[in-house]
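Asks: Spelled out, the chains give:
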Amino acid sequence: MTTISQALKREFAYEAGNYDVLVVGAGHAGCEAALAAARQGLSTILFSLNLDSLANMPCNPSIGGTAKGQLVREIDALGGQMGIVADLTAIQMRMLNRSKGPAVFSPRAQIDRRKYSGMMKEILEKEPNLFIRQGEITEILCENDDGKMTVSGAMTRTGAVYSASSVIVCSGTYMESRVIMGEVVYESGPDGLFPSHGLSGSLAAAGIPLQRFKTGTPVRLNARYVDFSKMEKQEGETDIPPFSFAHEMAGIRPPQNQTPCWTIWTTPRTREVVNGNLDRSPLYSGVIEGTGPRYCPSIEDKFVKFKDKERHQVFVEPMGSDTCEMYLQGMSTSMPEEVQVQIVQSMPGLEHAHIQRSAYAIEYDCIDPTSMFPSLESRHISGLFTAGQINGSSGYEEAAAQGLMAGINAAKYVQGKPPLILDRSEAYIGVLIDDLVTKGTSEPYRMMTSRAEYRLFLRQDNADERLTEYGHQLGLISDGRYALFLSKKNAVIAEEKRLRATYLPPSDKMKALMESLGSTPPPSGISLAELLKRPELHYADLASVDPDRKPLEESVVFAVEVNIKYEGYMRLEQDRINKFKTLEHRSLPQDLPYPEVTGLRLEARQKLAAHRPVSIGQASRISGVSPSDIAVLLVYLEARRRREGSL
Amino acid sequence: MSPDRPYCACATPPGASGLAVIRMSGPDSAAVLNRVFSISRSADNAASVMDMRGYTAAFGTIRDPGDGKVIDEVICTRFIAPHSYTGEDSIEISCHGGSAVRQEILRVLLENGARTAEPGEFTRTAFLAGKMDLSQAEAVMDVISADSELALAAAERQLAGALKQKVRSISESLYQVFASLEMMVEFPEHEDTPGNTEAIIQKLKTSDRLLTGLKNTFSQGRILREGMTVVLCGVPNSGKSSLLNRLAGYDRAIVTAQPGTTRDTLEVFGTIEGIPVRLVDTAGLRDTDDEIEKLGVSRAFAAVNEADLLLWLCSPDGEDLRDGSELFAALSGSFHQKDIGILVSKADLMDTNIAGTFPENVRDRIREWGFADRVRFFGVFSSETGEGMELLGSEIRRLYDEKGQGQMSQVLLTNSRHFEKIALASETLTETILILQQGQSADLACALLRSTMDALGEITGDIVSEELVEMIFSRFCIGK
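From first to last, the protein sequence lines are chains A and B. Remember, the working numbering sits 53 above the position in the first sequence when you count from 1. Remember, the working numbering sits 1106 above the position in the second sequence when you count from 1.
Just so you know, these hints were derived from the structure itself, not from any lab. Accuracy of the hints is not assured; some may be wrong.
As the list claims (entries may be wrong) - Which residues of chain A face chain B? A partial, calculated answer using Cβ under 10 Å:
no., residue
1, K168
2, D488
3, A505
4, L509
5, S679
6, A684
7, R695
Unchecked claim - Partial chain B-side listing against chain A, Cβ under 8 Å, derived:
no., residue
8, A1163
9, G1166
10, E1295
11, S1547
We put the CB at the ideal spot given by N, CA and C, even for glycine.
Take these sequences, add in the hints, and give me the full structure.
Replies: Printed below as a string of structure tokens:
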């Protein structure tokens, strides 16, 4: 690794400045990281290859969806930026899974991507303590103190040497990236932007293990040559909360005039074209070496791996309000350009489609995330943090969530304070980061609700209740917003209490109401809360038998109803969470001599020595570590504590 | 510490003994015990377990709150943290030594809020609470690892391996359904995600039946682990003791033969046709005014309660055949719903002529009484020649095989921890089905199904989220 003084000896090198936190890359991770660090009072500089592509959406022009929508709500509750900008630049909003229960409600929005990028740039520019700079970081600088490496800054292609107490790398899919379309392969970043050279080599030189991943994106079309009459229309919704709790509490709702999306299906001709050109697909000819995501297969993968499926669904989505460009969700491909035209034109309404941008696959370097602590700090270099696709994840929301946590923890590092680590029972963010750093990933990692063990608790509607306290303590949530949050929380508690304490005697009115709602009239007196527990009854239904009811915010009613309806199930989940927490809060010293711990099985010794988990909980999630190994560790720890105590 | 459920296990070794001790530890121990224990007499006249002071005992009965049935008369001692072996609130239950009694007490504790202790958990907790000095630390770790190694001993491994496979085959089909449900949640925009709730319910029901079947093998597994309890009954001098002696010499695997210290019964362990058998000799089952004999009789009834097979030995004097005999009383009363075998003892005193027709007479008489259907087999037994032993052996084998009938494979649950997991899985699965049938929202069904998968995962070692995501990707075609 290069030190600051070595870097300054290079040709054309110069001292360019000194910052607390230096952020490499201004995608969704980098923007959140830089804002979080600056808002905690640290002088911060953010680098981007191209300032016109800040917070870019090179793939889907949307934010949210299942699990991802929950992530955005959590980012917002902690004081992140994504939810606010998404609300203000959305051209369509929907709440997915409304029929499947509040635990899986997921907000999703179509975004005007140019507006999103522009608004984020302005926010970054106006932020105190924060400086943004166009430039390519080619090397991370480190000081080596007797084998212990500590980050000290970074160097640009143009020879500028910046010193920094902490560096956050959010390089996305840019490191040594190459784009593949059929037989054509060339070095390039996403969306026609430059790749980044040298950075991953500099990380590898410090001993950080690298992986090579692949992802892809579909074609973009001009709407003027699309026949929407052959497609099914999908309208937005206006009666749903926005992403940001600040907006929700201020009564802001999705816009009235929303842009529709469209759905179509592939045809037998599509299948024929794909199957007839498989020999030209780099996925099958061996040109692509990187591992692609299973949840986002290219159209050729879909026809090959799911042979008996005759057709696949495709979504046609607008890219913005002042452009004719449309995005073809479900049609990611790395086929040659000429084949792409045939595939697209084989579908209904797209017979005369004009492609504005080709689909492509992109390969890039990322790190093995098990080389990080749960704080997102590198185990190899103190003060070096990484966030986003460099950590093997995929998706704007996953990136932003990690960026926010890396920004928070880089600041903590500089201030000499312990990091903030959210656990699996507190947030999807906790699940995401724990999965990455504990289990690693062999493909670009996408957040899914199925990955969360405590889904009844990790809901989009209660993200504020789970995380606002943290955000406020960090200084990322203003006192004003915090006061609003507390008043909502108190309103929920008060209304819940009232519903539990209000008993209704049997009456003709009650009988009539119950019968009209398809419910059994209660034989004796019953509390409003007991009534609300019935699956067929909702809060709004009971207005006529509840004269003392005061008008309440929708979000308060929602919370009250969920808390009461799901009480029994949530108590079971709470028991599981309590059990989980006791293991999670037993920390494991980093210097534990695993090979010497008697009673551990050989496999467990090796795995634990390699992973060096930070808590008993993390140890228990490493594959190959059994419950009896955990019991042995607990006893060993206690013996050690006493031995040390007796010294 | 967490508000974790108290854990319990038998603290005395398995096998025959006069008394056994069941230990339960954890903050809620007293509350759990109180649900199943009614106090007859106690120090300071404490009315409930929670009122008992530390180091005091109470005498009373353990009942199954489910059906109110008395399981045993026991003495419970209460220990209050930190003055106990584990350093936590604990209870020790001194019960009678029969294996069925122990199992029943453990079962009601588990059903009323306790869980099975992990291997070495009492000792580990004791150590962590500072109840042992440092020099014992390594010994404790060895105990824990030895326990887990023991679970890997050859015979156990075979059994556990087969069980794992069986559970995995059930959980694989459950994962397919789980993945379908999760797919609807995970990718709601895709119209082609499976959505047929009725088909899902049918599949879940099939798995539920398999789990219930597996759960029921615990009784067969219990026989392999604890022995089949065969209780010998009959009036005095009917030849019970000679049968016992004969059996004692029947197989070399006989372990112990000791008189019960708290009941007038005698137990002998042995194997018959490869089936471990616990033979219990009883006092006669008769009405009596004699106080001491009364006690013996009530214990005999208790033994009858826990029997897998009742053997009635008819006395050669024909006493059993008269109206209102004890055999009649037993068949019409206490033998209710038990498997019964009738043996005629071929005593040396018996006239050979009578002996030839006697079994037939017994059979006819029982038919006249209307109990013929209740009796599994009739036979003649001679402690001199060993006649009848073969029949007895094949009948015991047949009974054992029948207990496993209806199961698809030879996989047996022998471990109560496994039983508990399977029972929990089955319970949550049943509730999942209910929720789907009621048309409640998918998030609840998924949460319950996850509990099912978690319970099964503790047997197979699978991590639910990983398996689920794997299944979703391999079965469904989705993407941007």
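Asks: Please list, smallest to largest, the hint numbers that this structure does not respect.
Replies: 1, 8, 9
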